[in-house]
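With the sequences and hints as input, model every part of the structure.
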Amino acid sequence: MKIVRQKSSRISLYYFLFYSTIAVWAPYFALYLHYRGFHSSSIGWILAIYPFMGLILQPLWGILNDRFHHEWGTIVTAIVLAPMAAWLFTQVNLAWYPLVAMAMATFQSAIMPVADSMTVGWLGAQRYGEARLFGSLGYAAVVSLAGLLYHLYGIGHFLDFYLLASVLAVVGGLQYPRPQRPDRTSVSGGPHRPPWFSGIGALLTQPRFRIILFFSLFVTVSQSINGSYFSLYYRATHHPLSWLGIILGIGALSEIPIFYLSGRLIRRYGPARMLLLSGSIFAFRWMMVALNPPTWGLVLLQCLHGPSFGLGLASGINLAAEVSHIGNRVSAQSLYSATTTGMAPLLGSIAGGYVLEWVGPTNLYWVDLAIALFGIAGIAHWVIRREKSSATQ
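Going letter by letter, the sequence shown gives residues 132 to 524 in the working numbering.
Calculated from the structure, these hints are not laboratory results.
Only a predicted model underlies this, so the values are computations on that prediction, with no experimental measurement involved.
Be careful, since some hints might not be right.
Unchecked claim - Just the calculated beta-carbon pair ranges, DEER-fashion:
1) 395 - 191: 21 to 27 angstroms
2) 137 - 221: 37 to 43 angstroms
3) 366 - 218: 22 to 28 angstroms
4) 426 - 505: 26 to 32 angstroms
5) 418 - 521: 28 to 34 angstroms
6) 288 - 215: 15 to 21 angstroms
7) 223 - 426: 35 to 41 angstroms
8) 493 - 282: 38 to 44 angstroms
9) 223 - 521: 55 to 61 angstroms
All residues carry an ideal CB built from backbone N, CA and C; glycine is no exception.
Now the structure itself:
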């Protein structure tokens, strides 16, 4: 038990430090690109490079790590090389930004799904949220500070602050406990490794996993549009920039109790129902944002970020873990992540940029609402059918 607590503490420290670095980068990158002179549609294409590379590479990272079991080395190497690639933004002109983004995304795409699969391996899927809440705490602690620094010194110092903060991510990666390598005979049933794509193939043959991926995609597309363009919406609707970091920090803080309680909620009500609930809260948020509330209204709405994003993430991690086994555990998390953090942001970044240009910032959120409702309807239909089937058996 003492060893488990020690491992849990080190994993929690990793999440705290890694997401502190994300807080400096993710919410403000679109503002930095706008500062450099890109239009919203061009910003959308650059933002889309990151999920596009994730969509391609995350399944590959999963296959490689399920086969060779070098998860710890993968995340430490990726955490070191991602900011080194980002440094190239300071050395090239705007025409080279897409290639630099591709280089950075190559390493970034490995970090979250591989680390999450190791966390599930160490702690179990239902205790995932208890460790992940420290990522929300680190994000909340830094995102408001980052917003204040950008307000005081200008968004032109964006990369300087990110490279400085990346030291935290490196420290966190080095602290993460190395996983125990499974006995290869217990994984494949013999001394030889299974075929390369057998793990992903086994996952995709399961109707439940395919349905989860398809309808979760639409809910997370709506989330990705908000994540990519909320800062531009916020600026265009004339809210005070000094409050942007505070609002984002409140959202991260709202994740903490949800991640702590997520295991209990999922055990009691099931991950599918919790995924449906989180999607419904997303839809409510987009509807209210589309009504262009005052700044205090945005603050209140951001308190719902945890019950929507946090609960949805924990539910998805649990659903992916349910359909996997030790031989394709990383592949399951990587494939789910490729859909929700790869394909969804890819579609959201590109489509959101054009929609923002065509219909404006508030109408963007009406479109966002429609996308979320489609995904919610599909998940609801699946949950109802599943429960009726269980009741008749």
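TODO: Against the structure, test the hints numbered earlier, and report the numbers of the ones violated in rising order.
DONE: 1 and 8
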